[in-house]
Each structure stands twice: as structure tokens, then as C-alpha cells.
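A.B. asks: These two chains come separately, so use the hints to put the complex back together.
Spelled out, the chains give:
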Amino acid sequence: MEHVLQSKAHKFRLILASSFALLIFTFVFSINTGASSMSPAEVVQTFLGNGTNQQNLILYEFRLPRIVLSVLVGMGLAVSGCVLQSVSRNALAEPGILGINAGAGLAILFFVTLIPTGVLSAAYFVPLFALSGALLAAVVIYVLAFKRQEGIMPTRLILTGVAIQAGINAAMIVLTLRLTPERYETVALWLAGYIGTTSWDYVLALLPWMIIILPFVYYKVNVLNLLNLGDQLAVGLGVDLEKERRLLLFAAVCLAAASVSVSGSISFVGLIAPHLARQLIGGKHQYYLPVAALLGGLLVLLGDTLGRALLGPTEIPAGIVVAVIGAPYFLYLLARSKV
Amino acid sequence: MIISKKEYLMPATEHEAHENVEIEAKSKPVAGVTVLILGTMALLLCIGLSISFGAADIDLLTVWSAVFSFSGEVTAHQIIQEIRLPRVLGAAIIGACFAVAGAIMQGMTRNPLADSGLLGLNAGAAFMVAVSLAFFPGLSYKYLMLFAFVGAAIGTVLVFGIGSMSRAGLTPMRLVLAGAAVSALLSSLSQSIALHFDLAQDLAFWFAGDVSGTTWDNLKLMLPWVVISFIGALFLSRSITLLSLGDEVAIGLGKRPGLIKLAGSLLVLILAGIAVSVVGAVSFVGLMIPHITRFLVGHDYRWIIPNSIVIGSLFMVLADLCARMVNPPNETPIGALIALIGVPFFLYLARKGGRGF
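If you read the protein sequences in the order shown, they are chains S and G.
With this note's numbering, the residue at position 128 of the first sequence is 128, and numbering never jumps.
With this note's numbering, the residue at position 141 of the second sequence is 141, and numbering never jumps.
Honestly, the hints are just simulated from the structure, not real lab data.
Some chain S residues close to chain G (C-beta under 10 Å, calculated; not the full set):
no., residue
1, G167
2, I320
3, L334
Ranges between beta-carbon positions, derived for each pair:
no., chain 1, residue 1, chain 2, residue 2, range
4, G, W64, S, R178, 30 to 40 Å
5, S, G282, G, G213, 53 to 63 Å
6, S, S337, G, L234, 34 to 44 Å
7, G, F70, S, L310, 48 to 58 Å
8, G, Y143, S, A309, 28 to 38 Å
9, S, R178, G, L44, 28 to 38 Å
Even glycine gets a Cβ: it sits at the ideal position worked out from N, Cα and C.
Same shape as in the complex, but just chain G (with noise of 0.2 Å):
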């Protein structure tokens, strides 16, 4: 079947013009600013609870004397100063991390399925994982970082490479399924790595997800890079809602689409990289909280940056507290338990067939 060009755009525009009007109207300021105030105070209880609960219960009073009044002598002090506040923030980071990437792609690329997980990056950055395990063992988090983000990069430029190459442009199918291919591409070479360097398990460990590791040095190192990168976002956020309407409509504001892609990406990579180096590959996150965050508070990605912080965070800690809890003491990786929710939510956009966005 042979469409004209002018005949195949034609539908596209009116469907943006009409879009355009819509999306004016779910902006929901309002909203906005309620989602963020109540998610924000949800999200402190969350990580009250999650420092509470443990091998050793400690109720929250001792939390907060623990945070506002530390002392030494204290053992309850102690384990929260060091295993359960790192562990806690560490998760509602990371969690803020995944959402803001995959809200970016999601607003960039115009897609409802983009996500972190699902379009290679985590297993790009997995890979790279795998190679510094093998060739560099004792490498410190700070180069482990660092090839996380190579990793990333390298998923991320395959995929978009790719499913950019052919006219029909990045269509939600084609993204997923060169998404899975690259994904399926470097784990077999993760694979491979591992077989040969005996590190199976271990990666595998990795593959799961994990929280439970982060120190506050992990946290020191990561902190300016996830800060600078959501200032940047936020910064960027009245671009990437221009964008969401499509090229034609940035340009038409005067907006440059290429320069907005290029440090949307260079966001995503640094969020998706550090999340990945810290917990592994874990999907779904940057699939699932963008949408919640679009269902809560509309459209624009004012509202929807900073709202995707807040949920993906609470999301996150909360995850990690029902990891602990489903079968105490062993823990449950943290990347299965969000499938189990993210694999229904993708089913059920899938079936929309990414319409809704």
C-alpha cells in the first residue's frame, strides 16, 4: 500500500492541532501543586516506615530522634545512621531517577512505552557492568558509575539509531522491539562475559535489583549529578511539553527540537545510568510513574517533572519496603517485585495500542 506523503501527514496534524487544544485544557496547575504536597508528605511517613521496619523493629519516635538527635551510644541510632537511612534514601533517588528519565523519553520521543528498561539502556549499562566486574575486579563505585553510564550510552544510541534509521520514524512498536533486541543483544554478551569469568551469579545478583548496598558514599558521589540532572529537566520541562505536541509545534514556537533531544537524552543517560549503577537493571519504573504522574496532573511537564519525582520516589521506597516484607528475612529483588506490576500496566497500554498519550 502506497500512501502519498501529504496524504499520511495530513491526519497527524489535525490529530496535533486537536491534541494541542486538549492538552491546554488537562493542564491542571492545581492539581499539580495538591499531587505534590500530598505525595511529598507520603512520601516522608514511607520512608519513616521503611527505617521502622527491619530484622530490628524500631519505632518511629526513635526514627526521628535518630535523624534530629543522633547519638553514638545508641545502637538503634546506629543501624538507621548506617543501613537504613542510606538504604532508604538511596531507593527514593533512584526511584525519582527512573521516573524523570522515562518521563523525558516519554515527552521526547512521543511514546508511551518508553522506559529505561525496556529500550536497552539497562542492559547497555548491565553490560558494561559485567565487563568492569571481569576485567577491572575492586573497581570502586565511582568508575562503576562511569562505565554504567558508557553502557547506557551505548544501549540508548543502538536503540534510537535504530528505530530513528527508517522513515516511519520511532513508532512505539518499533522502539519496543529494537529495544528488546538490543536488550537481548548485549545480555547475551553479558552472558557470555560472565560464563567465561565465572561471575554467573553474581551478575545475576545484579540483574535482580538491589537496594539494600547503598552507602552514603554512593550517595555522596551520586547526589550532585541527580540534582544538576533535575534542575536540568526542570529547566527543560517547557520544551519537552512542546515537544510532546511534536516537532512541527516546538519549531513553530520558536523552539530548536535537535538541541532539546540532545540534552534530554544526555538527562536521560546520567539519571538511567546512575539508577542502574546503584540497583541493577530494573524496568517498568520509568514506564509506570510518568503515566500515573500524566493521569494526576495532566500534561505539562512543569507539573509532571517535579510530580514524577515525588511518586517515582515514594514508589520506590515503597517497593523496597514490600520486597522486605513479602517473605522475611530473605528479601525479594526489588526489580521482580515491580514487574509483577509493571508487566499488567504494560498490557494494559499495549492494548490502548498507545493511543491515550
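Isolated chain S, as found in the complex (with noise of 0.2 Å):
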């Protein structure tokens, strides 16, 4: 037993420094990579104070706070999908599928309707705002696919996500068809999950949401561990279920809130890195939940990355590159699941 436990332990930390090496791999990567190209050489220089101002522009300004969101944004979904697929034991949930997205989408969207440009600081108020209509949409979800007898029948939780979505994305439609061309613009690049508007205004946004909930989920994990096992086994053990239930979901739910209110509407991550994980090192959550995390960093850095990489001039935005590669996985994984 000993020895199966410290061959896990020696694999976890393989599995984790090799998916670091990658992240790192594709940092330097998407350093190079954009409008205005810059060697590897002239990154160097430029990351030991010898840059151009013009390199220095680029560099701190523009590629870096973009990739760091990019990664803490991957972060954030993975672990909120991990933490969903826990607790509703479905291996199929995810944020976006859940229509948690979509309730932060329409939050954003009374944003930019309704508050005029400079009233509010957007960096700031934009993940509140997010994150009370994805909470909005997360009760209501919760609420209607509850039944007194059946508890939250995991069927039922996906449906009425599905369903919540599509009336969402409906009252959508009605508010962007008025919006002038221009602000148009930004609400369709923040569906389309579009990191490039960055700034460090919106990684410092991001990141006490980040500081505060990675570590408290990581510290629920043998919660979680019991979760997964089901309920009859965790309340046997002692869990109070129902808080306990609530108080991850509801941590899931702002951690995904606080992700696409700064890179916009990006979905499949929460579904693919928890997965991925799994298969890699097992569900024990000490172990998946970081690799999940890193995985998930990894993945939208590498959609943001190609979809400046891809198309020449135009950027195709974060969120479209990731549903293109994360669709098919997701659709391999429905082929082969038994639901």
C-alpha cells in the first residue's frame, strides 16, 4: 500500500513538472508570437532591462498581463469544472454548459447598456457585476432543477442548464440588436471570449478572487473526495452535505465569474482539464486538482496563443479556438459516457 501511494506521489509530481515545462514551453511561445514579432534573443534583452522602450511597451505591457490572465482565466474555469463535476457527481458539467457563463454574459451586457463609459471603473465593477448574474443564474439553475423528493438529479441539473442558456442568450439577442455598432463590438468580443483588451488592471481584478478561493477548494479536497463518492457514503461520514454542497458550489461559482468577467465568455476548459487530469492521475482530488488547474492554464494560454498565431492580422479570440479544439472532446467524452 505504501509503496502504491509513494509510486502515485512520484507520478503526480511527474505529471505536474512535466505539464509546467509545457506551460512554459508555450509562454515563451506566445511571447514570440503576435502583430509585432520578437526573437527570443530580443526577449531576453528586454527581460534584463536592455530592451527598446518600444520592446518594453510590447512586452510589459501588452504580451505579459495578457498571458498571465490568460493562464490564471484557465486556472479558474478547470478548477470551478472540477469542483462542479464533484459535487454534482456528473462527469459532464462545466460552467459554460451550465449557463454560468451565460448569466455573467448578461450581467455584462447591463453593464455596458446601461452604465455610461467611465461612470465605473470596468476592470473593478465588470467581476461584480458578472459574478451577480452568474450567482443569479447558478440559484436559478439550482432552484428549478431541484425536486423535494430526488434531491439534484445530475439529468436534470445539465437540462436546466441547457434550458436557463438558451432563454439567457434569447434576452441576449433582444439587448445587443439596440446597442450602436461600437459597443456591439465589445459585447461580441467578450462572447466570443477575446483576451486581448488586457491590462494588469484586470489581473489584479482577477487575482484576490483567485488568492482567496484556489487555496480554500484546495483545502475542501477530502470533502470533495467524500462528494464524489456519493451521498449516502459522506453523510455516513460525517459531512454535512447540504452546507457543504452550497459552499463549493458557490465557490465554484465565483471562481468561474471572476474568469470570464475578465477574459469573456470561455467555455470547455471546466469540462476538458478536470478531465484530462483524471485520466492522467487518477480523481483523487489532492492529486487532479492541481494538474487540472495547470492543464487548464495551459489550454487557454495555447487558444489565446493560436488565435493570434492562426489568422494574420486578425485575432480569432480565445474562446472560439478553445471550443474548436474543446467541441470534439467534449462530444468524444458524451459518445463514451453512460448517461
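C.D. replies: Structural data, given as C-alpha cells:
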């Protein structure tokens, strides 16, 4: 037994190290990609403080915040997906599919439509709006999917999520049609998951959420492990089920909402990263949560970098690239799953 | 948990046998005829109302004379002939198309949540419309329709292919999720095309659904296809009833499920493709109308399909009328309005967990 545990821990370190290496590799690749290219040597020079003003500007004001934000957002969405999957015991749960992104999107749309530009600082207030929208959507979905005798059935939860998403999308269409073309552009880019218009402000706005919630979720790994086993077993082992479930759901929603508020609506990360992580390291949360977080960061960074590299001057939003990679993977999982 | 195949199938067949008896009892020809007649009358009345209502109010008598004794010198007659009549007819036909497509899908797949919007057909058609807008701008409506067909076909093949790949088959859940993922994929692709070619807001209007642009030319183009498809659907209706009882029942009665499904899918493609190419990506009509119709006329598709045509038309004409009345002179996108009714309906069905079919 001890031997098995040790080999698991060893494997965990190995996987963690290799995903981290991949992340660094993508980071280097990402720094060199974009409208104005910088060679690796130039990047190193600039990091050492010997860059021209222009190089400093590109690196520190455009590329770096964007990369940092991509990684953070990916981590947030991936961990949110992990928690949602364990809490709902549904392998297909994901903030995007469950309508949480849509809720955040509607709130952001209200922000853009109702509040004149410049009154409130977008970087700090948009996350709050997004959070309230996402929470509202989550509560509505939870209440609608809840049945007194049966509690929350995974199937019903997802079907309800899909329906609420359809409803919110319809409401958003009504609102977007009335926007001026410039404002529409902003919203359309947000909906497509575009990280390009970022600055350090957005990173700072997201960071507190991550610093509070990620350790909290990691602190709860044992509860997550128990929830994953099933209600009866969890109760038998002395877990206050409803309380823990609500608390963790709240954390997951906050994480997803904070992430999408700064990056735009990105789906499928919360689905793919946990799945890949589970396949690599198994279902124990203390192992697979960190791996999933790293893979999530990697995925969004890769999506954003590819989006910049693919179509020349037009940037494809990261959300679209991730969806194009993620949707087929989701379909593959669906075809194999037993729902 | 491992369930042996026999154990897994047993309750289902028992259930089917039970359902069979129930469905025979639930076929209600009297109700069918009554609903058909009353529905047609209501439809005609609503078409009249819809024509008379608008920026320039026209009374019903003028509507009558515009249709049956048209005079080119009366402005009201011209408005009716050129703008309002094609629009309302377009709405009616499209409602019928969505409804019949939904009915066929639900019967064939025995899936109460089947709908062209939820199953990725609309997103597929929208994707190909985006492609045609981007790469072949100024394409005539005839070819746009063709593109929409191809797109709807792509969506269907993806969703049904994936849904049926696993041994558990096309459960409602699987179909809806496959539809959601395929829709996400195809709309992402449309979005990137739209962003690259600067079409975003054009496409958004199209996504919202809009019947206002229907012209006589459009109608002339789609009518033969629609009529052929409706006749085909009626012709197929008995087979669909049998299929809705399960493949085994259909085989037992000498039908070939594969062939029926192929023919049915073809009809769905044509109907949904036409409807989406005219009004854009409108969901939930194909979901709701067959359920309402089944509730009224029972589970026999020989009655469901003709009644779906009438009730679908009626629904869409009413929806268009409401869309114009909510906030005049602005029009509320009809797709959004329908989703407002459709979402609670879907939630209700999801709560029932797909039972009561």
C-alpha cells in the first residue's frame, strides 16, 4: 500500500513538472507571437532591462498581462469545472454548459448598456456585475432543478442549465440588437472570449478571487473526495452534505464568474482540463486538482496564442479556439459516457 | 454497475407493450378532426388580423377586398399584397415547417426533447449562411437556401452520429448535450468567420430570427419543397407512429426502421433547412408544437402531422403579431420572443424527465 501511494505521489510530481514545462514552453512561444514579433533573444534582452522603449511596452504592457491573465483564467475555469463535476457527480458539468457563463454575460451586457462609459471603472466593476449575474443564474438553475423527494438529479441539472442558457441567450440577443456598432463590438468580443484588450488592471481584479478561492478549494479536497463517492457514504462519514455542497458550489461559481468577467465567455475549459487530469492521475482531488489547474492554464494560453498566430492580422478570440478544440473532445466524452 | 443486456431490455419491452395499448387508446380521430377544423379557422382569422395590424392600420374588410378583388390603385391593397401578405404567409409556412420537422424527429427518435434548434440543425444552417455571407456576398436567396440545407445536414449528421455512437443509444440527455456541443462548435466557427469578415452584427440579426424580409420570390421558391415534404410526412406518418413505439414493434409489423429513419431525416433536413434559411435560427417551435398537438389529438402521427402543420402556422403567425405589438414601431426579434415561452416549456419537459411521451 505504501509503495502504491509513493508511486502515485511520484507520478503526480512527474505530471505536475511536465505540465509546468509545457506551460513554460507555451509561454515562450506566446511571447514571441503576435502583431509585432520579438525574437527569443530580444525577449531575454528586454527581460534583462536592455530593451528599447517599444520592446518594453510590448512585453510589459501587452504580452505579459495577457499571458498571465490567460493562465489565471484557465486555472480558475478548470478548478471551477472540477468542483462542479464532483459536487454534482456529473462528469459533464462545466460552467459554460451549466449557464453560468451566460448569466455573467447577461450582467455584463447590462453593465455595457446601462452604465455610461467612464462612470465606473470597468476592470473592477465588471467582475462584480458578472459575479451577481452568474450567481443569479446558478441559483435559478439550482432551484429549478431541485425536486423535494429526489434532490438534485445530475441529468435534470444539466438539462435545466441548457434551457436557462437558451433563455439568457435570447434575452441577450434582444439587448445586443439595440447597441451601437461600437458597443456591440465590445460585447461580441466578450461573448467570443477575447483576452486581447487586457491590462494589469484586469489581472489585479482577478487575483484576489484566485488567492482566496483556490486555497479554499484545495483545503476542501477531502470533502470533495467524499462527495464524489456518493451522498450516503458522505453522510455516513459525517459530512454536512448540503452545507458543504452549497459552499463549494458558491466557490465554483465565484471562480468561474471572476474568470469569465475578465476574459470573456470561454467554455469547455472546465470540462476538458479536469477530464485530462483525471485520466493522467486518477480521481483523488489532492492530485488531480493541481494538475487540472495547470492544464486549464495551458489550454487557455494555447488558445489565445493560436488565435493570434492563425489568421494573420485578425485575432481569433481564445474562447473560439478553445471551443473548436473542446467541442469535439466533449462529444467524444459524451459518446463514451453512460448517461 | 453492470447490467446484463437481457435485464436491461426486459423492463423496456414490458413498458413498450403497455405503452402500445395506451397509445391505441389515445388515438383520437374526433379530436383530430375538430382541432384541425377549429385550428384552420383560427389560423385564417389570425392571418387576417396580422395583415390588418401594422404601421398603417387597415380594417379587415379592406384585407378581404385586397386578397379577393385586388386593385393596384389602392395604397392599402399594395401594402397588403407586397409586404404584409408574403410576411404572414411566410410566418405560417415556417411555423408549419419547424413543427412538422420537430414532430418527425420526436417520433423517430422517441425523444421528447428533439427540436431543430436544440439539436444543432439551426446552428449548422447558420454556420453555412455565415460562410456564404463571407465568401459569396450578394448570393441570391435560392443559393442561400441551398447553403442552409447543407449546414442543417452537417449539424444533423454530427449530432445524430455522435448520439448514436454509444451503445446506450440516443437518450434525451445525450441528444441534448450533443446538440449543445455541436451548436457551440458551429457557432464558434460562425463567430470567427463573422469577426474575420466584419459581419458580426449582420449575423446577429440573422440569429435573432426575422420574418419581415419574406418576399413572394422566397415563397415561390420554398413552396414546392414545403408541399412535397408535407405530403411525404403524411405518407410516412403511420410508419412514424409505429417507430415511436420502438424499433422492435416496427420490425414486427414488417417495417424497415432504417429506411423510415432515412426518409424521415431527409424530410427534417428539408423542412428545417428551409425554415432556418428564411427566418434564421429560431428554436423551440419544433419542440413545443408537437407536444401541444400530441396533448390535443393523441399519439397517432397520422393526426399529429396535419395538426402540427395547422398549430405550428397558427403559433408562428401569433408570435409574429406579438413581436410587432410588444414595442411598436420596433420589432422584437421573434426568436427571442419564442424562447421566452419555449424555455419554461423545455424546463417543464426536463422536470418530467422525458416521461409522458
